[in-house]
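Asker: Sequence:
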Amino acid sequence: MSPLPETLQLHIRYPEELPVAQCREEIARAIAEHQVVVVAGETGSGKTTQLPKICLELGRGRAGLIGHTQPRRLAARTVARRIADELQVELGGAVGYQVRFTDQVSEDTAVKLMTDGILLAEIQRDRELRRYDSIIIDEAHERSLNIDFLLGYLKRLLPRRPDLKLIITSATIDVASFARHFGDAPVIEVSGRSYPVETHYLGAPQEEDQDATERIAELVREIDSGAWGPRGDMLVFLPGEREIRETARLLRGEQALDVLPLYARLSQAEQNRVFDAAGGRGLRVVLATNVAETSLTVPGIRYVIDPGEARISRYSYRTKVQRLPIEPVSQASANQRQGRCGRVGPGVCLRLYSEEDFQRRPEFTDPEILRTNLAAVILQMLSLGLGKVKDFPFINPPDSRLVRDGYKLLEELGAVDGDDRLTDIGHKLGRLPVDPRLGRMVLAAQGEGCLAEILVIASALAVQDPRERPQEKQQQADQAHARFRHERSDFMAWLNLWRYYEGQRQELSQNQLRKLCKREFLSWLRMREWRDVHTQLAIACRQQGLRASSALPEEENYAGVHRALLAGLLGNIAQHQEDRDYLGARNRKLQIFPGSSQARKRPKWLVAAEIVETSRVFARDVGTIEPEWIAQANPALLKHHYYHPRWQPRSGRVMAYERLSLYGLTVVDKRSLHYGPIDPPVARELMIREGLVAGRYQRPPAFLKHNLRLVREVEELESKTRRRDILVDEQALFEFYDQRLPADCYNSKQLESWLRRESQAAQTLRMCREDLIARDPGALGDQFPDQLQHGDLTLRLDYRFEPGGEADGVSVTVPVALLNRVPRHLFEWLVPGLLRDKCIALVKGLPKDKRKRLVPVPDHVDRALAELTPGDRDLLDALSEILGRQAGIKLRPADWDTQKLDDFYRMNIRVVDADGRLLQQGRDLATLVEAYRSDTRQSVSTSESASPARQGLTRWDFGDVPEQWRFTQAGVEIVAYPALVDCGDSVAIELLDYAHSAARAHRLGVLKLLRLHSAQTVKYLRKQMFKGNTAQLALAGAGVSREALVEDLIDAALAEGHDLEAGAPRDQSAFETVLQRGRAQVVERASALESALLTALQALADARQRLARIPTGQWADSVADIETQAAALWRPHALRDAPAQWLGQYPRYMKALQQRVERLAGQYPKDQKHLHLLESLQAPLWELVERREGILDSCEDAARYRWMLEELRVSLFAQNLGTRMAVSQKRLEEQWAAVQAWLREHPA
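Counted the way my numbering counts, the sequence shown spans residues 1 to 1244.
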């Protein structure tokens, strides 16, 4: 900068009406004699515009510039224009100004107006401010962050620059602190009032339904009407834009008033209207924020209305929220407001609060440094090498907690390390001309490939929102801005707006672009400022080697942009809770600002450009994010919590879940990771306990297989003996491995590697039985077998000692195919090792009178067991017989209370399918058999693909039918018995459970096949048998159906004619032989049977006629027995099933029945005696027949007993007819004993 040209003629004059003009010689002398001067003057004193002229008269501005700082750009422009006008020079010549993106400074400039931020920026390039010979810090009483930083910096600089003059101007607010800060610099006070000001304390609005804006509107009307004196222009102070708009709305109908808003966001054209005192249509009513307290002087004001409130920005280091509460202003601010009237005449100040309230207020407003985040200041100090904040000469040193908070934010951004020293990121941030948070986004964007997008968004966040929303056109403005909205993010809306504006800018002239902005409710000045910041930021990025990349696809672009945003805004994340509420960082509750595009969508996670507290805590400018992006933004800030460590057999490692949280918010949960490196001792212990001790190892080494096998053997001993003191506890097993494994072995790979390296390692890890036995179980012998053997059945036994458990005790595994073949009583005997205890428990459950006869119980049980053969019959029957005999008592089945037995005294039956899968388990065999009756037959029949089972057979063209078929199911070898089975109009080959049931079924199946081969014979017999009148009368009298009898006779004739009693054929050739040999005999046998049966039917018909004449109820028991005998002999299929030798006795049996009926009237008492004998002998047989289907076919002894009963009837009731065999009660009892013996050998 060249010195001020001598030829430049400056018209330096001082308006005599300004108080500072009266003190200019005193001020000039102080400046000449002192390096620092404090000029205190009330608003309107002229200090801002006249001090530069005094400096010029002193010759300042020749060796360097006279720098003149203002807190706001508007003031810098306005003051520069005013001084230029007074000096009669062009703006940009001797007097220029520089604000952000506007530089009207030339080579001829001597006085440079600028914002304090511009001077701060110059310090980075010019550490000793050599371009200046004088610096005026104006409005120092505002104590902004920049002003306090400049004053501290200048205090250090002045000793190194003795030629530099510093003039500090302030309203009459705490000027002593400035003087003390600069070594008791001289203070010159200048009066600012030309006329007296009358102050009225009106108190707050009295009516509950009247707020401050209504009261203000009322006062404005009163002033306009002359109620407070001569009419004059008014200046009304209000807390914010909303209150200004509301008050303007209330005054809109007043025709004589020119209502003018004044606030920082207002366009320059609208601000200029305020300073045009003569341009209005009537009295001016200026509605202003505290910007009009000291920064701007509004001319011509006669009345000030002061509600006494302002919106003060306060940062909470606890909640990390920039609060904007409305607070009562300080006394100093109230007096500044008061001083804005009384310039053109006597002024009036109307205060809407009481004088007592005024006296209680603080004297000064807190400096900004005491109520804001200090991250930017700290970063600047570190970048400039100015040392620590606590050592910097601030007028009011900030709270150490605020300083610490500022460092924490820089740490969050990665700008400082743990020792509060700048990192590489911090150095880069210090060279970017934006807030550190915005700068951090820009640096992160390079790595995300979205620098172009973030430059747009960061520059947008660095300026005031260009989208305007006039009170009277809110709906139209919202509609115009709606096109720029993004469905997921307000940040992306900035990109949409930018692209639209840039497209229009390149197509339209500047004038057209202005009109477009007005039409679209956009501030043209702020849009231009946005572009300027974008350009400046882009240049700064290029200087650091950052290059904007090409655009990414939409989805990648979105993710990358928001990951970059998170790098600078990690403290502004939030998670949705319920309704509209969100939980932010550090347990901060907030809501999305209503104007956001996401307010109604309520994303699960969001990041906000800022968190501001007004009426409530709001997140403004928000975007939807994924929690994983948060975790990626700055991993060093995350808190890691590990939980649920567990051994994972598949990977052979200990895994755990990880929970990542940031500032109290869980951003990632249940992330699975390898826990070994995190906590090796715990991982090693879990590997031993869960992997080695518990045996949960996918590919166990040889030593572990060996050890686990030994453990299972000992556990089985415990289950068998129902003890839990044989195997050593898990701690002993753990210690065995813990003492032998190396300390750094905590996963399977490390274990395998160690085993390969150490040749003897595996041997040291092999256990022996002594390592596992805590107490010797003694010799068990065959008391607890592993298998249950019965005939051709071999069933696996398992033991468990789990009191109350479903499988407690002994479990037998039965394939569903064998379920029908298991004898009902077999499982009652359990195993030898438990039988004695079970019997003792059973005896102890007997009724008391009988139990007393069996004391001592163990002795009686031991003697009984010595006589018993386990498994040969029903256990309770055996005990009843032997114990009853021992004690001389009668024990009945009802005496045994099995329901009170513990479950482990009853066999647990596990029914499994062909693949060994458990179908059901329980302790009641009968219930399981019934539940799986159909499954059992199907399982056997379809057990093998090579099974002989067939269906739909009508000819013997299927080869042989073997007597046995062996196959394996669920690991058990099963023997099944194939048989031809009658299926009605065909036969099938099925696999049956028992040989005797298969033999009976096969006989009937062969019989059906003979029928199918003898169709003509069958047809003939159906026509010829029992067709005459004699036969019809006999059938009707006997009550027998001809159709059923003929079918039964045909089956009997076929069986007898083909000699099936000799055995049913099982191969095709034998069948054909039987078929050919018997074909000619069937009709002959049928005729013989017809003749014999006709005789029997005639005798039965006569007997029924006689029975019909007996009065109802007379001799009822004898009549019932006669009917029962007849029904049994003539039941369906009785002829087919009766052996030929007994079928030929039907005529004799019916004649005996006839004679019994004839003699009943005269021999009823004798009949009664015979009947009682019969009932005692036949009852067990019919019970057995009811209980075991087919017993008369499978058991020859039972069949013989059945016909012995018929012979006994003949001997009792018609002895004259004679019997075919010697028969008596004794012989029948002996025969029944043979039946019981067979039953024991063939249990059900």
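Please note: incorrect hints may appear among the correct ones.
Straight-line C-alpha distance at most 27 Å; calculated DSSO-like pairs for lysine-lysine [to be verified]: (1) Lys1226 <-> Lys890; (2) Lys518 <-> Lys155; (3) Lys705 <-> Lys408; (4) Lys589 <-> Lys601; (5) Lys604 <-> Lys589; (6) Lys705 <-> Lys670; (7) Lys604 <-> Lys670; (8) Lys473 <-> Lys408; (9) Lys890 <-> Lys900; (10) Lys670 <-> Lys589; (11) Lys428 <-> Lys390; (12) Lys388 <-> Lys428; (13) Lys1226 <-> Lys1166; (14) Lys639 <-> Lys589; (15) Lys844 <-> Lys749; (16) Lys155 <-> Lys390; (17) Lys390 <-> Lys408; (18) Lys473 <-> Lys428; (19) Lys890 <-> Lys852; (20) Lys589 <-> Lys515; (21) Lys388 <-> Lys408; (22) Lys428 <-> Lys408; (23) Lys749 <-> Lys705; (24) Lys408 <-> Lys589; (25) Lys848 <-> Lys900.
Computed Cβ-Cβ distance ranges for the label pairs, DEER-style [what the hints assert, rightly or not]: (26) Lys670 <-> Asp744: 26 to 36 Å; (27) Asp897 <-> His644: 46 to 56 Å; (28) Gln899 <-> Ala1140: 43 to 53 Å; (29) Glu355 <-> Glu122: 43 to 53 Å; (30) Cys983 <-> Arg853: 22 to 32 Å; (31) Glu1196 <-> Leu1217: 23 to 33 Å; (32) Glu730 <-> Arg853: 48 to 58 Å; (33) Arg853 <-> Asp782: 57 to 67 Å; (34) Ser316 <-> Ala636: 18 to 28 Å; (35) Thr535 <-> Glu122: 40 to 50 Å; (36) Ser316 <-> His427: 25 to 35 Å; (37) Ala807 <-> Glu713: 47 to 57 Å.
What the hints contain is simulated information worked out from the structure, not anything from laboratory work.
We put the beta carbon where it would ideally sit given N, CA and C, even for glycine.
Asker: Confirm or reject each hint.
Answerer: Here is what the structure says about each hint:
Note on Lys1226 and Lys890: the hinted pairing holds, with a Cα-Cα distance of about 23 Å set against a maximum of 27 Å. Between Lys518 and Lys155, the direct Cα distance comes to roughly 47 Å. Violation of the 27 Å bound is thereby established for this hinted pair. In summary, the hint linking Lys705 to Lys408 is not supported, as the alpha carbons are separated by about 56 Å, beyond the 27 Å threshold. Taken as a hint, the Lys589 and Lys601 pair is honoured in the structure, with Cα atoms around 18 Å apart against an allowance of 27 Å.
Our distance criterion of 27 Å between C-alpha atoms is met by Lys604 and Lys589, whose separation comes to about 14 Å. Restraint check for Lys705 and Lys670: not satisfied, since their Cα atoms lie roughly 33 Å apart, outside the 27 Å limit. Note on Lys604 and Lys670: the hinted pairing holds, with a Cα-Cα distance of about 18 Å set against a maximum of 27 Å. Restraint check for Lys473 and Lys408: not satisfied, since their Cα atoms lie roughly 43 Å apart, outside the 27 Å limit.
A threshold of 27 Å between alpha carbons decides the hint, and for Lys890 with Lys900 the separation of about 21 Å falls inside it, so the pair holds. Distance restraint check for Lys670 and Lys589: the Cα-Cα separation of roughly 25 Å lies within the 27 Å cut-off, and the hinted pair is therefore satisfied. Only pairs whose Cα atoms come within 27 Å are accepted, and Lys428 paired with Lys390 is accepted, the gap being roughly 24 Å. Pair hint Lys388 plus Lys428 holds up; C-alpha atoms about 19 Å apart against a cutoff of 27 Å.
Restraint check: the Cα-Cα separation between Lys1226 and Lys1166 comes to about 20 Å, which is no more than 27 Å; the hinted pair holds. Using a Cα cut-off of 27 Å, the hinted pair Lys639 and Lys589 holds, with the two alpha carbons roughly 21 Å apart. At roughly 59 Å between alpha-carbon atoms, Lys844 and Lys749 are farther apart than 27 Å, so this suggested pair is violated. Distance restraint check for Lys155 and Lys390: the Cα-Cα separation of roughly 15 Å lies within the 27 Å cut-off, and the hinted pair is therefore satisfied.
A C-alpha spacing of about 16 Å is found between Lys390 and Lys408, which places the hinted pair at or below 27 Å, so the restraint holds. Only pairs whose Cα atoms come within 27 Å are accepted, and Lys473 paired with Lys428 is rejected, the gap being roughly 44 Å. A C-alpha spacing of about 13 Å is found between Lys890 and Lys852, which places the hinted pair at or below 27 Å, so the restraint holds. For the hint linking Lys589 to Lys515, the alpha-carbon distance of about 42 Å lies beyond 27 Å, and the restraint is violated.
Restraint check: the Cα-Cα separation between Lys388 and Lys408 comes to about 14 Å, which is no more than 27 Å; the hinted pair holds. This hinted pair checks out: Lys428 and Lys408 have alpha carbons roughly 18 Å apart, not beyond 27 Å. A C-alpha spacing of about 17 Å is found between Lys749 and Lys705, which places the hinted pair at or below 27 Å, so the restraint holds. The hinted pair formed by Lys408 and Lys589 meets the criterion: a straight-line CA distance of about 21 Å does not exceed 27 Å.
Between Lys848 and Lys900 the alpha-carbon distance is near 15 Å, which keeps this suggested pair within the 27 Å criterion. With their beta carbons about 28 Å apart, Lys670 and Asp744 fall inside the hinted range of 26 to 36 Å. At roughly 49 Å, the beta-carbon separation of Asp897 and His644 lies within the given 46 to 56 Å, and the hint holds. In this structure, Gln899 and Ala1140 meet the distance hint of 43 to 53 Å, their C-beta atoms being roughly 49 Å apart.
Restraint check, Glu355 to Glu122: a C-beta distance of roughly 46 Å satisfies the suggested window 43 to 53 Å. At roughly 57 Å, the beta carbons of Cys983 and Arg853 sit outside the given window of 22 to 32 Å. A hinted range of 23 to 33 Å for the beta carbons of Glu1196 and Leu1217 is consistent with their spacing of about 25 Å. Between Glu730 and Arg853 the beta carbon distance is about 49 Å. The supplied range of 48 to 58 Å therefore holds.
Checked against the given bound of 57 to 67 Å, the beta carbons of Arg853 and Asp782, roughly 33 Å apart, lie outside it. For the hinted restraint 18 to 28 Å between Ser316 and Ala636, the CB-CB distance of approximately 24 Å keeps it satisfied. For Thr535 and Glu122, the hinted distance range of 40 to 50 Å is not satisfied, since their beta carbons lie about 19 Å from each other. The given range of 25 to 35 Å is respected by Ser316 and His427, whose C-beta atoms sit roughly 29 Å from each other.
For Ala807 and Glu713, the Cβ-Cβ distance of about 19 Å falls outside the hinted range of 47 to 57 Å, so the restraint is violated.
The structure fails hints 2, 3, 6, 8, 15, 18, 20, 30, 33, 35, 37 (numbered hints given earlier, in ascending order).
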